[in-house]
Amino acid sequence: MNDADNDALELRDVKIELSSHDAIISGVNLEMRRGEILGLVGESGSGKTTTALSIFGYWGRGLKLTRGQIVVGGEVMSTQQIFRTARGRLVSYVPQNPGVALNPSLRIGNAIRDMVRQGRVATSQPEEVSSLLVRVGLPGDSEFSRRYPHQLSGGQQQRVCIASSLASRPTLIVLDEPTTGLDVVTQELVLEELIRLRDQENVAMLYITHDLAVAAKIAQRIAVMYAGRVVEQGSVREVLSKPRHPYTRGLVASTPDHLVIRPLTPLQGIAPSLRERTTGCPFAPRCPQRVDLCERELPELLEISLGHKVRCPEWKKTPLVDWTTLVVQSDVQTQMEVSTVLKVTGLRAEYRSRGQNVVAAKDVSFSVLRGGCVALVGESGSGKTTIARVIVGLHAPLKGEVQFRGESLSGLAKHRSIEQRRGIQIVFQNPSDALNPRHSVEVAIARPARLLRNMDRNDASKEVLRLLDAVRLPSSVARRYPTELSGGERQRVAIARALAAGPEILVCDEISSSLDVSVQAVVLELLRDIRVEFGLSIVFITHDLGVVATVADRVLVLESGLICEEGNTLEVMRSPRHIYTRKLLDAAPSLIASINKWDSDEDRYG
Amino acid sequence: MTTLSTDTELSREKFRSGVMRSPGAIIGMVFVAIVVLLAILGPLLAPYSPIATIGIPGQAPTAAHILGLDFEGRDVLSRLLYGGRTTLFMCVVATLLTYAVGLTIGLIAGYTRSFVDSLLMRMVDVFLSLPALLVMLVMVTALGPSQVILIVSAALVLFPGVARIVRTSTLEVSRRGYVEAAIARGENTISILRREILPNIAGPIIADLGLRFSWSIILISSVNFLGLGISPPNPDWGLMIAENRIIISENLYAVLAPSVVIAILILGVNLVGDAFVRSLGESRD
Chain G
1 MNDADNDALE LRDVKIELSS HDAIISGVNL EMRRGEILGL VGESGSGKTT
51 TALSIFGYWG RGLKLTRGQI VVGGEVMSTQ QIFRTARGRL VSYVPQNPGV
101 ALNPSLRIGN AIRDMVRQGR VATSQPEEVS SLLVRVGLPG DSEFSRRYPH
151 QLSGGQQQRV CIASSLASRP TLIVLDEPTT GLDVVTQELV LEELIRLRDQ
201 ENVAMLYITH DLAVAAKIAQ RIAVMYAGRV VEQGSVREVL SKPRHPYTRG
251 LVASTPDHLV IRPLTPLQGI APSLRERTTG CPFAPRCPQR VDLCERELPE
301 LLEISLGHKV RCPEWKKTPL VDWTTLVVQS DVQTQMEVST VLKVTGLRAE
351 YRSRGQNVVA AKDVSFSVLR GGCVALVGES GSGKTTIARV IVGLHAPLKG
401 EVQFRGESLS GLAKHRSIEQ RRGIQIVFQN PSDALNPRHS VEVAIARPAR
451 LLRNMDRNDA SKEVLRLLDA VRLPSSVARR YPTELSGGER QRVAIARALA
501 AGPEILVCDE ISSSLDVSVQ AVVLELLRDI RVEFGLSIVF ITHDLGVVAT
551 VADRVLVLES GLICEEGNTL EVMRSPRHIY TRKLLDAAPS LIASINKWDS
601 DEDRYG
Chain H
1 MTTLSTDTEL SREKFRSGVM RSPGAIIGMV FVAIVVLLAI LGPLLAPYSP
51 IATIGIPGQA PTAAHILGLD FEGRDVLSRL LYGGRTTLFM CVVATLLTYA
101 VGLTIGLIAG YTRSFVDSLL MRMVDVFLSL PALLVMLVMV TALGPSQVIL
151 IVSAALVLFP GVARIVRTST LEVSRRGYVE AAIARGENTI SILRREILPN
201 IAGPIIADLG LRFSWSIILI SSVNFLGLGI SPPNPDWGLM IAENRIIISE
251 NLYAVLAPSV VIAILILGVN LVGDAFVRSL GESRD
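Here the protein sequences come in this chain order: G and H.
According to my numbering, the first sequence is numbered sequentially starting from 1.
According to my numbering, the second sequence is numbered sequentially starting from 1.
The reader is advised that the hints may include incorrect statements.
Each pair of labels, with its calculated beta carbon distance range [what the hints assert, rightly or not]:
1) H:Ser-118 to G:Arg-574: 50 to 60 Å
2) G:Asn-110 to H:Leu-143: 52 to 62 Å
3) H:Pro-23 to G:Thr-278: 31 to 41 Å
4) H:Pro-23 to G:Val-134: 56 to 66 Å
5) G:Asn-596 to H:Ser-118: 52 to 62 Å
6) H:Ile-248 to G:Gly-62: 47 to 57 Å
7) G:Ser-365 to H:Ser-118: 33 to 43 Å
8) H:Asn-234 to G:Gly-60: 53 to 63 Å
9) H:Leu-134 to G:Asp-141: 53 to 63 Å
10) G:Gly-62 to H:Leu-256: 41 to 51 Å
11) H:Arg-278 to G:Gly-140: 48 to 58 Å
12) G:Thr-483 to H:Pro-43: 45 to 55 Å
13) G:Gly-60 to H:Glu-172: 25 to 35 Å
Bear in mind the hints are in silico, worked out from the structure with no lab data behind them.
Computed from a predicted structure; not experimentally measured.
Backbone N, C-alpha and C fix where the C-beta goes; we use that ideal spot for every residue, glycine too.
Chain H extracted, bound-state conformation:
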């Protein structure tokens, strides 16, 4: 019997019927899809080079330049279409790294029931007490503004929250009968974590994913906004908002367009996350 496939089929079915039917989730997914497509296909559609000065700085929108020109006279639309790739890539990698670290620490802390738990969680508390943006700025200033440093520092700031959520869920699940039954029949720890615990804490983790992802967008964009991340003239949404503040009275769209794209992305991710949380609540009954 193909038991494994029926298992995933069933959860997929639940996902389809629970999450996909809610209007919030559909709107959210459309939002995310728009931004992702914009970022991936953008460079192919861009009418001009993102780094070439082609007109008067701060020129208001015209037929040739739908969103006008920026503070150095570059085409805002082209920079917007080019700027998504790096931002999205960095945010996705930072979120994945956050989860790799947070999940490992949370699972170990929640499952051991020994001093290791307190040790890990106190360490997590230390990281949690550090102001997020400050840590990132210090790291970027000290180690240089490379993409790797940005990603690592974002993960460093974000992993404590994940570790705590994972630990709490693990602690709760590890007291359930089926986990105890697995311990009693002598399953090894890896198999207990993978087979018994992980699938049952997936709900809260996926629900949290949206939140972490939007946090990483905000953090990385903020660092770029402060001019310490991606260095000009490379296009980036966060950076664009910062650069064009000085010409906001001449061409509002140079600031507004990247802000709206970031807002749509965060809104979309959170709508999907919320719909998922709601579907979890319903299926528990």
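Here chain G stands alone, though its shape is the one from the complex:
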């Protein structure tokens, strides 16, 4: 094969604008060859999805391709007509949420057959579908291909999507966060499957993700996007182990890792909105190493070593990421007298889902020490959230007892005393619905203070300002409404609202899982600070082992309603005893594990 046959994708100086001439993405250059996986990494709003969809000639309403050229498999995509013929034949798509992407009334075999017909080679062989299913690790028998999407698990659905993306034998597959909705064990299997398919089918894959650890695992090369531009690009090893752009470095330093227990160093500030983008470097306002020129002129994408490009003139100054483990025994615990503040014994709870009772907790017992942070870890559906709801009195348990400061608590909040309700507060997972859109931030935070601490209007107003300061928000936020705040800001307001009750225990239900990594780092570090400042005990619920390692000093691993392992975070992460914990830890993607592997490979092969 000659070189031209190998070119899967070339984006040349692509610019996509709104009708108001604000560019969503600008000056994007990407090249891909067959048999290669390129990780396209960035936070929400960085333009990674717009870039990926531009390959299909698909831009949202009001958007326009105003500059540049898109070449797929050696063919120049000059008109919508050509784009249309290329979809399926040259390039196919694997969506983020297979549950929504698959037509629920179409048998999966028929769905795949539709894509086979889109291909260059019109094969009508019946075994084509079953061979595709087998290739993505699913049963190839006709019984399976006659199933409907709802009869498959999330992981199986995603494999069906991958099979149908392969069906048309494309040159390039674009995968848009394909494993974000899957639990870690399934994610691991799908990633392995993708690597195998890349080699077997000699297809190029553009893998969009916000998770650096996943990108490290699957990609050979990586492109990091920020504010609509590629800021760093190169081999995944070079970019992630020695990031040269300060933004990439910030992302790496913000990524929690279960193998290295370390404080995160969040980036300052937030990404500029479309309107705020200037002629200078979009990262300049947040950059610790900016020079005067950065604010006036957009830096060039410099090639600093073979294939490694950085959009930063001061790249030599970027410090290396500190990967040393922080070994501190929880200082909070040693300072205070160690007493149990919350005790859960023999808890059994069920919830109803689709007309069936699901057991969330069979027999769960644990206790939380004053000033301690206990993490409840488990996959989706393991019952973590229900346990959180039982603790705060939103869900009545069937059996068992919850004790707060030695007193047994009623099942529902309305039967608890004011003092008990004040003492236990919750922060929810989804920042977009945690705050009432009709209440200003001040009203939202003042309410618990007035209701549970009996403050008058003036005292509550002062308390609001004090708490906003505690969650590192300016006092001007008090008069704003939730819709005017970003996700991270809302989550901080939700934390302030919980603190307004003057709690002793803060229950955090997946509070960082819907946030970008750099925002997550801010929230996690904030939680660490206020824990000391307010002497709080924290029950932290999450599926992310990296987050556990960052915040918790004790960890409980939940498997189908039972605690299968409990212990000191460091010990559980280093030497898990239970087979399920080991399975979770092995499957959890880790940036440092990838970096160590690259280093040892180099040692071995020179």
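With chain G fixed as given, assemble chain H onto it according to the hints.
Positioned in the frame of chain G, the structure of chain H alone reads:
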């Protein structure tokens, strides 16, 4: 700090920028304003008595009688100007009553998460299954054609739809984090419904208001048209259409004028409602 006032100011501002700017809403509001002014100021402007026979029945429009005379020789314009007050009044009261009942039932059903929900909603389903006009006719025939009976029977027919919309919205909102947070801090039910839920379901309710209002106009006018509502010789738009059918070939305007006024009112109310729905959709982004 005057937090409450800033709250309403903001939503008012949103209303102004979102709803008021759309051309549909402006046209709709002009339509509604025309009909409302016609109904309120009409009796002051009417050139003749609405119940006095002053000429040949079914006389075509002349300079003295712009819309001609009706089947009993009364001035159509005067009857049109007098006839709005009762119709509008009854429709407004019927809509308010519909909402009082529908909102209460919908909020309780959507919020309780207990058997009360199924109980209330099955009851609502029973009412929903009854044919609207038939219920009204039976009630009016059985209990007599008073304004109160007309209003109550219209509300009885219209409340199930409101209850269902309110319940669905309440159910959705009551699972949100801020409602759960309020439950967890032990707020009482009334305060949760008033502070957390009601403001957040106001959008779909206001959007539905226009539809219910036009329904009540159609229902009450229909009953009047069938001659079972307001009894002659009192003027009423619905009744006018019915009475003057027999002279439609002599004086078309005796039927056309009240029909057009009713149509303009319904169109106007719906245009405003639609604009509101659209502005809700936009502000969600």
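Do the hints match the structure? See the list:
1. In this structure the supplied range 50 to 60 Å holds for Ser-118 of chain H paired with Arg-574 of chain G, their Cβ-Cβ distance being about 53 Å.
2. For Asn-110 of chain G paired with Leu-143 of chain H, a C-beta distance near 60 Å keeps the hint of 52 to 62 Å intact.
3. Between Pro-23 of chain H and Thr-278 of chain G the Cβ separation comes to about 37 Å, which falls inside the hinted range of 31 to 41 Å.
4. Our hint of 56 to 66 Å for Pro-23 of chain H and Val-134 of chain G holds, since their Cβ atoms are close to 59 Å apart.
5. The hint said 52 to 62 Å for the Cβ distance between Asn-596 of chain G and Ser-118 of chain H, and at roughly 58 Å that hint holds.
6. Roughly 52 Å separates the CB atoms of Ile-248 of chain H and Gly-62 of chain G, a value that falls within the hinted 47 to 57 Å.
7. Checked against the hint of 33 to 43 Å, the C-beta distance between Ser-365 of chain G and Ser-118 of chain H comes to roughly 36 Å, which is consistent with it.
8. Between Asn-234 of chain H and Gly-60 of chain G the Cβ separation comes to about 58 Å, which falls inside the hinted range of 53 to 63 Å.
9. Range check, Leu-134 of chain H to Asp-141 of chain G: about 57 Å between beta-carbon atoms, so the 53 to 63 Å window is met.
10. In this structure the supplied range 41 to 51 Å holds for Gly-62 of chain G paired with Leu-256 of chain H, their Cβ-Cβ distance being about 45 Å.
11. Separation of Arg-278 of chain H from Gly-140 of chain G is about 49 Å and conforms to the stated range, judged on CB atoms against 48 to 58 Å.
12. Distance hint check for Thr-483 of chain G and Pro-43 of chain H: the Cβ-Cβ separation is about 47 Å, which falls inside the suggested range of 45 to 55 Å.
13. Between Gly-60 of chain G and Glu-172 of chain H the C-beta distance comes to about 27 Å, which sits within the given range of 25 to 35 Å.
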